[in-house]
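There are 4 protein chains.
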Amino acid sequence: MTQECFTLEMAVRDYECDLQGVVNNAVYQNYLEHARHEYLKEIGIDFAALAAEGINLVVTRAEIDYKASLTSGDTFVVEVRPERISPVRIGFRQDIYRLADRKAVVKALVTGTALNAKGRPQLPEALKDILDRA
Amino acid sequence: MTQECFTLEMAVRDYECDLQGVVNNAVYQNYLEHARHEYLKEIGIDFAALAAEGINLVVTRAEIDYKASLTSGDTFVVEVRPERISPVRIGFRQDIYRLADRKAVVKALVTGTALNAKGRPQLPEALKDILDRA
Amino acid sequence: MTQECFTLEMAVRDYECDLQGVVNNAVYQNYLEHARHEYLKEIGIDFAALAAEGINLVVTRAEIDYKASLTSGDTFVVEVRPERISPVRIGFRQDIYRLADRKAVVKALVTGTALNAKGRPQLPEALKDILDRA
Amino acid sequence: MTQECFTLEMAVRDYECDLQGVVNNAVYQNYLEHARHEYLKEIGIDFAALAAEGINLVVTRAEIDYKASLTSGDTFVVEVRPERISPVRIGFRQDIYRLADRKAVVKALVTGTALNAKGRPQLPEALKDILDRA
Chain A
0 MTQECFTLEM
10 AVRDYECDLQ
20 GVVNNAVYQN
30 YLEHARHEYL
40 KEIGIDFAAL
50 AAEGINLVVT
60 RAEIDYKASL
70 TSGDTFVVEV
80 RPERISPVRI
90 GFRQDIYRLA
100 DRKAVVKALV
110 TGTALNAKGR
120 PQLPEALKDI
130 LDRA
Chain B
0 MTQECFTLEM
10 AVRDYECDLQ
20 GVVNNAVYQN
30 YLEHARHEYL
40 KEIGIDFAAL
50 AAEGINLVVT
60 RAEIDYKASL
70 TSGDTFVVEV
80 RPERISPVRI
90 GFRQDIYRLA
100 DRKAVVKALV
110 TGTALNAKGR
120 PQLPEALKDI
130 LDRA
Chain C
0 MTQECFTLEM
10 AVRDYECDLQ
20 GVVNNAVYQN
30 YLEHARHEYL
40 KEIGIDFAAL
50 AAEGINLVVT
60 RAEIDYKASL
70 TSGDTFVVEV
80 RPERISPVRI
90 GFRQDIYRLA
100 DRKAVVKALV
110 TGTALNAKGR
120 PQLPEALKDI
130 LDRA
Chain D
0 MTQECFTLEM
10 AVRDYECDLQ
20 GVVNNAVYQN
30 YLEHARHEYL
40 KEIGIDFAAL
50 AAEGINLVVT
60 RAEIDYKASL
70 TSGDTFVVEV
80 RPERISPVRI
90 GFRQDIYRLA
100 DRKAVVKALV
110 TGTALNAKGR
120 PQLPEALKDI
130 LDRA
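Protein sequence lines, in the order shown, are assigned to chains A, B, C and D. All residue numbers for the first sequence refer to numbering that gives the first Met the number 0, where the first residue is 0 and numbers rise by one. All residue numbers for the second sequence refer to numbering that gives the first Met the number 0, where the first residue is 0 and numbers rise by one. All residue numbers for the third sequence refer to numbering that gives the first Met the number 0, where the first residue is 0 and numbers rise by one. All residue numbers for the fourth sequence refer to numbering that gives the first Met the number 0, where the first residue is 0 and numbers rise by one.
Next comes chain A alone, as it looks inside the complex:
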């Protein structure tokens, strides 16, 4: 059985680098979020449209291991592998690799849920399907 794995190729933008000359730590969360949202869009879940309807996809926990740094000119791949955490929590294993040498840059587990206007968990069907399959 193959595991679902979505990948997104991106490139470092110079303004994302900080005074150490490498991509700032917080920016990797931007990369991870963008890749997750692109993945969700592919399976029919639109983060912005849901927010407009009062359903907010939220991150409840992020664990990020920084293995190496990206810098100006680097291209990289962000992976997204969904996994079941609980009936209402979905996890995303997200690794970032530098394209030039396939070096691991970041290994992350981002856990989230969906909250309705009352702040109660309410997962979109497409996310439930993923949890059922995972």
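Hint data in this document are derived by calculation from the structure and do not stem from the laboratory. Careful: at least some of the hints might be erroneous.
The list makes no distinction among identical chains, and a pair is therefore deemed to hold if it is satisfied within one copy or across any two copies.
DSS-like, lysine-lysine: derived pairs with alpha carbons at most 27 Å apart [what the hints assert, rightly or not]:
1) Lys127 / Lys102
2) Lys40 / Lys127
3) Lys127 / Lys66
Chain A is fixed; fit chains B, C and D onto it per the hints.
Only chains B, C and D this time, still in chain A's reference frame:
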């Protein structure tokens, strides 16, 4: 007659510096916006509350002269001086000074208006008052 | 005679949108900078490598007209057209168009120079060539 | 025995909020970093000065639990409590509380080290002292 001038003191955060070791150009717009919103709050205009009501304060033009750079550890002042551009456009003269030596860092003129849900200009009363006085 | 025009296609990332649900004003400067740096790289000028050598490409003035907003899901094009401002200043006409309807989103003129370690203008040869041709 | 705890008071800036109307996840890492750097400065460690000398303070792991959201207008406190992870790793327990109701917003453990120009761990004396005391 004294002209209104709102000032906000701020400090550079390290993540705002880029690989040249100085505050990135785009970040000054963040500083300018934050000072404008604090000024507006002081005169009774809440950017976020207006947005929630469907009234969007929008920038239509920004002219920014970069005179010097801020870097890690710097503290600075952002000035906000409103001026009348037209019956529906308000300008904000915004200068940024480094506190240590009062050196001019940025001189900007940011012009904006308020748009209602139909995309038509609709200025909050407090802004009209400023335009009348300016 | 054709004018040089570099174009870069990009997509809005959700984290770039603010509480009004549209791309935040400051983020357009990120887009403009990224497109300029990609253009410079194409003509052989590496912003980060120059900074490491003590030559800093700096923006001295930005004029930005905001014509329309980009939002979640939008793809867009950033144009870069160099022009001569003075012997030591180069201008970049930069327009941003939404791809779906070719609507103008931003029209900008960004002026810059290159400063050596002593803070004196010192343009890389490739930039001088552009100024000569422009 | 009292444990060291550094606290920094901050306020949400509107541009830090995303299209859900709350502070974007990645921005909390900005807050955490800024508070850590202010703490380090207080004990005599200057992140930017060290970087200029070729000593880079780096984050190796971040664990962040998101408990509640901050939004426009909120003020909050970021705590920094150093703890020993290993002879060359220092941990920072960092909690973020909303000031209005003391509600926990984020609970984080950020682990880091200092790398010299050869990429080998080399902790500044002030950090070693903290590890010895922790």
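Going through the hints against the structure:
| no. | hint | verdict |
| --- | --- | --- |
| 1 | Lys127 / Lys102 | neither (33 Å within a copy, 31 Å between copies) |
| 2 | Lys40 / Lys127 | within (15 Å within a copy, 42 Å between copies) |
| 3 | Lys127 / Lys66 | between (32 Å within a copy, 23 Å between copies) |
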